[in-house]
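Residue numbers are given in my numbering: position 92 of the sequence shown equals residue 92, and the series is strictly consecutive.
One thing to keep in mind: the hints can contain errors.
Below, a list of computed lysine-lysine pairs in the DSS-like style, where the Cα atoms sit at most 27 angstroms apart [said to hold, decoys possible]:
#1 Lys56 with Lys5
#2 Lys5 with Lys16
#3 Lys56 with Lys16
Rather than coming from a laboratory, the hints here were simulated on the basis of the structure.
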Amino acid sequence: MENNKLLSDFFAAISKDARISSTHIGVFAALLEYRNRCGLLNPIRVYSYEIMELAKISASTTYHRCVRDLHKFGYIDYVASFNSAVGSQIYFQVIRD
Numbered sequence: 001m002e003n004n005k006l007l008s009d010f011f012a013a014i015s016k017d018a019r020i021s022s023t024h025i026g027v028f029a030a031l032l033e034y035r036n037r038c039g040l041l042n043p044i045r046v047y048s049y050e051i052m053e054l055a056k057i058s059a060s061t062t063y064h065r066c067v068r069d070l071h072k073f074g075y076i077d078y079v080a081s082f083n084s085a086v087g088s089q090i091y092f093q094v095i096r097d
């Protein structure tokens, strides 16, 4: 799935979702940019510090809250690694409003 379609579908879905903040949008956009740099893989393996830098987030608690929320709200599938040598997996899926 192309990043443009994912981003467009994401914005269409969040227009009706009051739970999403500008920080969630920044994290989602950073995940898409990271995916683009990785050759549009699905899933991508990420370390929090990589996405935090792209999203301009300095607190890891903010990053983890946003990623967990995006997962809980159905915008991504997030599989935490709990291993510092292996990044967490982020799956992009079709977003339904």
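How the hints compare with the structure:
1. Proximity of Lys56 to Lys5 is assessed by CA-CA distance (about 23 angstroms); at most 27 angstroms being required, the pair is judged to hold.
2. The suggested pairing of Lys5 with Lys16 holds, with an alpha-carbon distance near 18 angstroms, which does not exceed 27 angstroms.
3. The hinted pair formed by Lys56 and Lys16 meets the criterion: a straight-line CA distance of about 25 angstroms does not exceed 27 angstroms.
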